[in-house]
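Using the hints, put the two chains back together into the complex; each one sits in its own frame.
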Amino acid sequence: MLAKLMGFFLLGLVRVLTGSQARWYGCPPKAEQRIYFANHQSHADLVMIWAALPEELRSITRPIAARDYWTKTPFRQWITTAVFNAIYVERQATPPAAPGDAPASAAAESSGAPPGGPEPATAPPIPPSPEALRAALPEGDPLAPLVRALESGDSIILFPEGTRGHGDDPQPFKSGLFRLAQMFPQVVLVPAWINNVQRVIPKGEVVPVPILCSVTFGAPIELAPGEERRPFLDRARRAVMALREV
Amino acid sequence: MNTFLRSLTTTQQIGALFLVVFGVLSLVTLWAFLRNLREVPDGDADAAATRKAAARRFRGLLQTSWAMATVFWVGWALGDTAATVLFALVAFFALREFITLSPTRRGDHRSLVLAFFVVLPLQFVLVGTRHFDLFTVFIPVYVFLALPVVSALANDPQRFLERSAKLQWGIMVCVYGMSHVPALLLLDFPGQEPGRGAFLVFYLVLVVQTCMVVQHLLGRRFPHLPVAPQVSQSFQWASWLAGVAVGGLVGGVLSFITPFKPGQALGMALLACVAGSLGHLVMKALKRDRGITSWGMQGQSVTGAGGLLDRVDALCFAAPVFFHSVRWYFGL
Chain F
1 MLAKLMGFFL LGLVRVLTGS QARWYGCPPK AEQRIYFANH QSHADLVMIW
51 AALPEELRSI TRPIAARDYW TKTPFRQWIT TAVFNAIYVE RQATPPAAPG
101 DAPASAAAES SGAPPGGPEP ATAPPIPPSP EALRAALPEG DPLAPLVRAL
151 ESGDSIILFP EGTRGHGDDP QPFKSGLFRL AQMFPQVVLV PAWINNVQRV
201 IPKGEVVPVP ILCSVTFGAP IELAPGEERR PFLDRARRAV MALREV
Chain P
1 MNTFLRSLTT TQQIGALFLV VFGVLSLVTL WAFLRNLREV PDGDADAAAT
51 RKAAARRFRG LLQTSWAMAT VFWVGWALGD TAATVLFALV AFFALREFIT
101 LSPTRRGDHR SLVLAFFVVL PLQFVLVGTR HFDLFTVFIP VYVFLALPVV
151 SALANDPQRF LERSAKLQWG IMVCVYGMSH VPALLLLDFP GQEPGRGAFL
201 VFYLVLVVQT CMVVQHLLGR RFPHLPVAPQ VSQSFQWASW LAGVAVGGLV
251 GGVLSFITPF KPGQALGMAL LACVAGSLGH LVMKALKRDR GITSWGMQGQ
301 SVTGAGGLLD RVDALCFAAP VFFHSVRWYF GL
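Note that the protein sequences, when read in sequence, are chains F and P.
Heads up: the first sequence at position 163 corresponds to 163 in this note's numbering, and the numbers run straight through without jumps.
Heads up: the second sequence at position 184 corresponds to 184 in this note's numbering, and the numbers run straight through without jumps.
The following block holds chain P by itself, in its conformation from the complex (with noise of 0.2 Å):
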């Protein structure tokens, strides 16, 4: 088994690869299908309410995962630009989640402007053309100047450090954040043949959201005191360990995915689980601060759904980290 897959292509090797997630995914819907056939005793009106909204629930991830899984298959198949345009997108509507969200005045009007319509495009063309020097201080250093200057220039002074900070964070998060996903993408390792960045994407993925999923699981099956019950309630450190722990597991396993070694992709990984689960634990006081339980239509869809930022903000915090430990560790 193992001696065939080395003796794939990568591009096998990657078609491969999707095979296995598509594979998983098809026999999750069936299980759930199948499981929606059985007939449910006659219980209270309660349970059964209860049952449907976390079957509702369950299908609404179901449907996520599957929206995921084809269109990181589609990027990928497009080749890297599509990707990295791809990622903008993701990046594009999860600021807009963000902004609608953080109450802007008129002055702001050409900032935001200037964010969506110049900094997001242009940090993604910086990751596209490789530029990887300048793209990871671009944000940070350049248009944090920028945007403050531009809002000063609208001549309105009431809160206009908050207003600021509220739009620095917009784009560190979802911009800055989003756009180390492609990055890691376009990131070359000497001595492998180059195009292996989607193993990586893959690798992060799959490593930060088991964590976040173990994390949940194991908070709702052994409920402990909540650290920060103002903030969320579901956060307490037995699960969260266990939550990193084993997704620095499985990174440790995935590591002939990737160009570690075991030990290496272990501390990577844990790396990655406690950036991107303390990443969530912040943007949920975001949130709490705001009055809101979900980025999405003002915290109140119709759907039940929450929003785009819900499903991507611990890979926005865990990709930075990632990828400048790996680029530094490894001296690319």
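Chain F with its partners taken away, still in its complex shape (with noise of 0.2 Å):
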């Protein structure tokens, strides 16, 4: 109950404060299981994308939180999960197992791994099959929760970069895309671009002003069979920064 109000609240200021609007320009909102991904410049862009879905979509679609940040306070840790149903992952990624240990874990960088770290060159030459990469997948591995939400039918909004970027450019996407990509090849990818939010809400600032805010949704793109890694990351986020322009 009490969540459901803050849902509201929240919905209202933050459509107050920047209208909220959703641009579907590749796709049309629809049911089905997709992996959104995005620009990510503030912490305010889960809030912002989450509001921009509509009514139907936003019960069946989980935003991935860092956990250090969403779960420092009580109040974050509450509104996470009963307003946003968030899933959690950890951005200190446990350390890279060695390359060449096992098929799947040649990309065990995480999704949130700090930038900078290191870049398995290798990929397996046989591509396994998604049911065996998913078994493959660790326990303790930052992407076993989000394997878990998208096993069970759910949508999900992630931020390949990691970290909250602050030049114009999205930062170079981290594997976490790919490695899902590869493990749920029925998932739809699709790309969305969120403007001016770091406007709202830059860092270190508490006080959010009224700016208008967009989030523009694209045409969905596709792992390509044999596609490698790097290049299919690259146009993963070639994919979000031409929406910038529409």
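Quick caveat, the hints were computed from the structure, so don't treat them as lab data.
Backbone N, C-alpha and C fix where the C-beta goes; we use that ideal spot for every residue, glycine too.
Hints are not guaranteed to be accurate.
What the hints assert, rightly or not - Some chain P residues judged to face chain F by a derived CB distance under 10 Å, without partners named: (1) Leu95; (2) Glu97; (3) Thr100; (4) Leu101; (5) Pro103; (6) Arg106; (7) Leu112; (8) Phe117; (9) Gly307.
What the hints assert, rightly or not - List of simulated lysine to any residue pairs, SDA-like, C-alpha gap at most 25 Å: (10) F:Lys203 <-> P:Asp156; (11) P:Lys166 <-> F:Val207; (12) F:Lys203 <-> P:Phe117; (13) P:Lys166 <-> F:Ile201.
Rendered as structure tokens:
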């Protein structure tokens, strides 16, 4: 009950402050299983994209929240679990396994690993089946909660940059998106560009300022058969950046 | 008819005014609906598309008019305080559009917070409590200094003048200009029963909108050389003069709902029309500077409707000029 009221309040607040306009360019809002991936400039991104989705999709879509930030205070934890129904991920990933350890751990670097982490260059020569990849996922892997959510049929919202960017362009994407695409080929990957949110509440400020923001959803992309990790992630990043000009 | 209207109380008269406005809107809506039903001959696709776009634009305009009239009516029915809050909300959303399209830097964050959450409410509180002397100087004198001070304290000198100027402009147009509309509502004339301010607001809005519409239609119908083609393709002296003249005449004819004599009403209406239409031109130049055609969602709105500021900018420039000249002329 309280969570519902808080949800209404937040929705109203976000609408008054930002307009929270959703612009569906490449695909309609549809209740299929999707991974929305977007640029990340502010903690408010999470609220923003949540508010931009229509009511019906909001209940089946779970945003990814960084555990260290969103569980720091009881209030933050309550709001992310009760209102947003978020999935927590560890940003401080377990140390990456040695390359060649197992096929799935070739990209064990998490979606939230610190920037500049080691980038294993070798991809497995024969791609294993999605089921095998899922089964091979170690229990402590940062992606494990995401995989569980996708297996139960929910859509998720992902920020593949891992951390908030500072420049105009998003940082290079982490490999989490690629691994999820490998593990769930049937899930539709929808790029999204969140515009202007960093102006609403810059880092270190408390009071937000009313500025119109929009979330642009683009045409879904697919992992081509045999496509390698880096080219796919760059393509995904370009798909997100292309929406800036729409 | 006239004696009957005069025998009504002010409240009844204003009620009758809304009845007329809603009646006209209903008639226009009915006409648009019937025209929609009419069979259209199969023409080429181009003409059909243009007609469709024009119909959609017209429908948007009609929807805005209905919404505005309803909002005015609700505001009036709920009393002066509600009306003031209503205009404060309009100012808030207009300023939001303005700031969205004026790039600010991180150093401006605190001044923006000050502008939205302190200056804007305070200005409308001053209006609502009828502190007219303070309210006319609050923004141009005190806020003029306060905002750049906050920005300067943020320790970011890059493009400082430009950023401060943008913020000052946004506040002057959206907050200061808009706050003069409820101020008119609360202005009491000696020798008149109080509460007739609603007529003055209606008078101002109608006169300025008539001027804008006539200017727009004449500019379309009889295209002349635009005066400043870089700024506006549609602004030309002939249609501008005609628009101002028609607006002034409408104002002169409507003098019976105002405290003015016909000659005074004509003069006041002309003044408001000149201020409103030229203010609209200035706002067009601002939009061109930002490379957009309308305020609203970064000038690329999905519905094709423009922003709120596109609709109220003429009013924002006309209201202060109108208000101050009325107060000066009548020594209020």
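Hint check:
1. Leu95: Where the cut-off is 10 Å and the nearest Cβ of chain F is about 8 Å from P:Leu95, the hint holds.
2. Glu97: holds, 7 Å
3. Thr100: Since the shortest Cβ distance to chain F is 4 Å, the answer is holds.
4. Leu101: holds, 8 Å
5. Pro103: holds, 9 Å
6. Arg106: holds, 5 Å
7. Leu112: holds, 4 Å
8. Phe117: holds, 7 Å
9. Gly307: holds, 9 Å
10. F:Lys203 <-> P:Asp156: Roughly 16 Å separates the two Cα atoms, so the pair holds.
11. P:Lys166 <-> F:Val207: Holds, at roughly 21 Å.
12. F:Lys203 <-> P:Phe117: Answer holds: F:Lys203 to P:Phe117 is near 20 Å, not above 25 Å.
13. P:Lys166 <-> F:Ile201: holds, 19 Å
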